[in-house]
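**Student:** As a plain string of letters, each chain reads:
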Amino acid sequence: MATRPADIRPTRGWRLYDPRLAWLLLAPATLLIVCFLILPILVMAVYTFFTFITAGVEQSTPTLANWHEFLTDPYYHGFLFKTLRVGVVTSLICGVVGYFPAYFIWSTEFKHKWLLLLLLIVPFWISFTIRTFSWIHILGEEGLINVALLRLGLIDQPLQMLYTEGAVIMGMVHFLLPYMILNVYVSLENIDRTLISAARSMGCTNAQAFREVTLPLSLPGLAAGLLLCFVLAAGSYVTPQILGSGRDALFGNLIYDTIMGQLNWPMGATLSIVLFLVLGSVAALYTRYMGMSQIVKGLGG
Amino acid sequence: MSAAPADREGRWAWRLTRFMTVCVYIFMFAPILATIVLSFNASRFGGFPMTGFSLHWYGVLWQNAAVVTAFKASLWIALVTAVVTTIVGVLTALALVRFDFRGKEALGTLVILPALVPETILGVGLLILIKSIDQPRTLTILILGHILLALPYVVLIAQARMISVRRVYEEAAMSMGASRFATFREVTLPLLVPAVAAGALLAFTISFDNTSASLFWRPAGVETMPTQILAMLKTSISPEVNALGTVMIVMTVGIPLLGGAIASALTHLNRRKSREDAR
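Line order of the protein sequences matches chains A and B.
Residues in the first sequence are numbered consecutively from 91, following the working numbering.
Residues in the second sequence are numbered consecutively from 638, following the working numbering.
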C-alpha cells in the first residue's frame with residue numbers, strides 16, 4: 091500500500107480505495123444478512139413473549155408463559171440435555187477417529203495424496219439426505235450386517251440397530267467426519283516440519299516428537315473441528331428423523347414439531363432462542379480462548 | 638522428512654494410524670456403495686439380499702412425475718443461487734480484501750455468521766419474520782435463504798484467492814487509464830476465475846442439497862429434491878429411492894469431477910500451446 095501510485099487520480103470525486111465504494115460493494119451481502127439473519131433472530135426473540143391462543147394463532151400481548159413453561163417443564167430439559175450429550179459424544183468420536191486419517195494424509199509419502207484429500211471432499215457433494223438414508227442399508231433389518239450375520243448363522247433374529255440413539259450418532263459422525271479431518275489436516279499443514287526434524291535430531295523418538303511437538307501444534311485445528319461438529323450435531327434434526335425412533339428426537343426435532351406440527355409459534359420461537367443461546371455461548375467461549383481465525387480456515391477448507 | 642518411524646512404539650502407532658485411516662474411508666463410502674448396488678436390485682424391497690440385476694427401478698423413477706418436478710425445481714433454485722451468490726460473494730470479498738474502512742473486522746465476521754448459526758434456527762427465524770409481516774412463503778424467499786446459506790463459503794473462497802492477487806496489477810491498469818470496471822473485468826476477474834468457478838459450484842451444491850432450512854422455507858406444495866426424498870422415505874425404503882439416490886450421486890459427484898478434469902486438461906493444453914508459441 092505504501093507504493094500506491096500517485097498518478098491514479100480520483101474519478102468523479104471517488105478516491106481509489108474509497109470507503110464509500112467498499113460499502114457499496116458490501117451492500118448486497120449486508121442487506122441480505124441483516125434481513126434474513128439478524129432481523130429474524132430479533133423478531134424471534136420478541137415472539138417468545140407472545141401469547142399462544144390456539145394452533146397457528148397468537149396475540150402480541152406480552153407474557154412470560156413460554157419462558158415459564160420452558161424453565162419449569164422437565165420435558166424440555168430432558169431434550170436439551172440429551173441433545174447436548176449427543177452433540178458432545180458425536181464431536182468426541184469425530185475428534186478421536188478423525189485425527190488418524192488427518193495425520194496419515196499429512197505424513198504419508200504416498201504419491202497420490204491428492205486422491206485421499208479429494209475423497210474427503212466428495213462426500214460434501216453427495217446429498218446429505220442420501221448419505222444419511224444409506225445407513226439403513228447397513229444397519230437395517232435387511233441391512234448388510236444383519237443379512238450377513240443371519241446367513242452365517244451367528245444370529246437367528248435380526249439385531250435392532252436402526253432407530254436407536256447409536257444409529258443417530260453414527261449417522262452424524264458419518265456426516266461430520268470430513269469437517270473434522272479437514273480441520274485437523276489444515277492445522278497439521280501449518281506446522282513447520284523443521285520443528286519435528288529438530289526434535290528428532292535432539293534425540294526424541296518419533297512418538298515423543300509427536301506428543302511434544304505435533305500434537306500440541308495441531309490442537310487449534312482439533313478444537314475448531316470439535317466446536318464445528320458439536321454445533322452442527324446439536325443443531326441437526328434430519329439425521330434423528332431418518333435414523334432415530336421417536337425417542338431419539340433431538341432439540342431440533344422438538345422445534346420442528348412445535349412449529350410445523352402444533353403450530354405453536356411462540357413456544358417454537360422460545361425453543362429456538364434457547365438453542366441459539368446455548369450453542370452461541372459454547373461458540374463464544376471457544377472464540378474467547380481460540381479466536382475466530384481457525385474456524386475461518388476450517389470452513390475455507 | 639521421513640514418515641517411516643524407526644522406533645518400535647512409533648511403528649505400532651503408524652500401523653494403527655494406517656489401519657484407522659482405511660477404516661474411516663470404508664466407513665465413509667460403504668453405505669453409499671450399498672445404495673448404488675441396491676439400486677440395481679430386481680427385488681421389490683429396498684434392502685439386501687440382491688435377487689438379481691435390473692434397471693427396472695430407474696424406469697419407475699423416470700415415470701414418477703413428483704420426482705421429476707422436484708428435480709427441476711431444485712435445479713432452478715440451485716442455478717439462481719449459484720449465480721447470485723457468486724456475484725455477491727465476489728463483490729463482498731473485493732471490499733473486504735482491497736479496502737480499508739471502519740468496521741471491516743466486524744463485517745468479516747458478520748459475513749461468515751450464516752455458516753455458524755444452526756440451520757434450524759435460521760429456518761425458524763425467517764419463517765417467523767415472514768409470518769409477523771403476513772407474507773406468504775415464496776420461491777424468492779427460499780432462494781434468498783439459500784443465497785444466505787451459501788454466501789459465507791463463496792466469500793471465504795474468493796477472499797483466499799483475492800489475497801494472492803496482488804493489487805499492483807489493478808493499480809497498473811488504472812494508472813494507464815483503464816476505468817474501474819474495465820480493470821475489474823480485464824485484470825481482477827480473469828485472475829479470480831478458479832475461485833469464482835469453485836465458489837459457484839459449491840453454492841450450487843449447497844443449495845441443491847439443502848434439507849433442514851428448505852423444510853421450513855419451501856412454499857406450500859413445492860418440493861425440492863431433498864424434501865422429496867425425505868417424503869419418500871416416510872413410507873418405506875423402496876428400490877426407487879435407491880435409484881434416485883444413485884442418479885443424484887452420479888450427477889453431483891460426476892459434474893464437479895468432470896469440470897475439474899476439463900479445467901486441468903485445458904490449462905495443460907494452454908501451457909503446451911504457449912510453450913510452442915514461445916518457440
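It is worth saying that the hints were derived from the structure and are not from the lab.
Check before you lean on any hint, since a few could be wrong.
Derived list of chain A stretches under chain B, where covered just means 3 residues or more per stretch with a C-beta under 8 angstroms from a C-beta of chain B [stated by the list, open to error]: (1) 132 to 146; (2) 242 to 252; (3) 291 to 304; (4) 325 to 332.
DEER-style ranges, computed between Cβ atoms [said to hold, decoys possible]: (5) 207(A) with 653(B): 15 to 25 angstroms; (6) 291(A) with 817(B): 49 to 59 angstroms; (7) 905(B) with 182(A): 50 to 60 angstroms; (8) 706(B) with 352(A): 49 to 59 angstroms; (9) 705(B) with 154(A): 44 to 54 angstroms; (10) 679(B) with 121(A): 36 to 46 angstroms; (11) 670(B) with 336(A): 22 to 32 angstroms; (12) 894(B) with 128(A): 31 to 41 angstroms; (13) 211(A) with 818(B): 26 to 36 angstroms; (14) 831(B) with 121(A): 53 to 63 angstroms; (15) 823(B) with 145(A): 25 to 35 angstroms; (16) 153(A) with 831(B): 52 to 62 angstroms.
Ideal Cβ placement from N, Cα and C applies to all residues, glycine included.
**Student:** Range hint 52 to 62 angstroms: satisfied by the CB atoms of residue 153(A) and residue 831(B)?
**Tutor:** This hint holds: roughly 54 angstroms between Cβ atoms.
**Student:** Just to be sure I understand the hint, the distance between the Cβ atoms of residue 823(B) and residue 145(A) should be within 25 to 35 angstroms; is that true here?
**Tutor:** violated, 59 angstroms
**Student:** If I claimed the Cβ atoms of residue 705(B) and residue 154(A) lie 44 to 54 angstroms apart, would that claim hold in this structure?
**Tutor:** Holds, at about 50 angstroms.
**Student:** How does the Cβ-Cβ distance of residue 291(A) and residue 817(B) compare with 49 to 59 angstroms: does it lie in that range?
**Tutor:** Cβ of residue 291(A) to Cβ of residue 817(B): about 54 angstroms, so the range 49 to 59 angstroms holds.
**Student:** I want to verify a distance hint. Is the separation of the beta carbons of residue 894(B) and residue 128(A) within 31 to 41 angstroms?
**Tutor:** holds, 38 angstroms
**Student:** Count the residues of the region 132 to 146 of chain A whose Cβ falls closer than 8 angstroms to any Cβ of chain B, and tell me whether that reaches three.
**Tutor:** Since 3 is at least three, the answer is holds.
**Student:** With a Cβ-Cβ cutoff of 8 angstroms, does the region 291 to 304 of chain A contain at least three residues near chain B?
**Tutor:** holds (count 4)
**Student:** Is it true that the C-beta distance of residue 207(A) to residue 653(B) lies inside 15 to 25 angstroms, as the hint says?
**Tutor:** holds, 21 angstroms
**Student:** Given a hinted range of 26 to 36 angstroms, is it respected by the beta-carbon distance of residue 211(A) and residue 818(B)?
**Tutor:** holds, 34 angstroms
**Student:** Do residue 831(B) and residue 121(A) keep their Cβ atoms within the hinted range of 53 to 63 angstroms?
**Tutor:** violated, 28 angstroms
**Student:** Quick check: do three or more residues in the region 325 to 332 of chain A have a beta carbon closer than 8 angstroms to a beta carbon of chain B?
**Tutor:** holds (count 6)
**Student:** Could you say whether the range 49 to 59 angstroms given as a hint is met by the Cβ separation of residue 706(B) and residue 352(A)?
**Tutor:** Because 29 angstroms falls outside the window, the suggested range is violated.
In summary, the structure is inconsistent with hints 2, 7, 8, 10, 14, 15 from the numbered list given earlier, while agreeing with the others.
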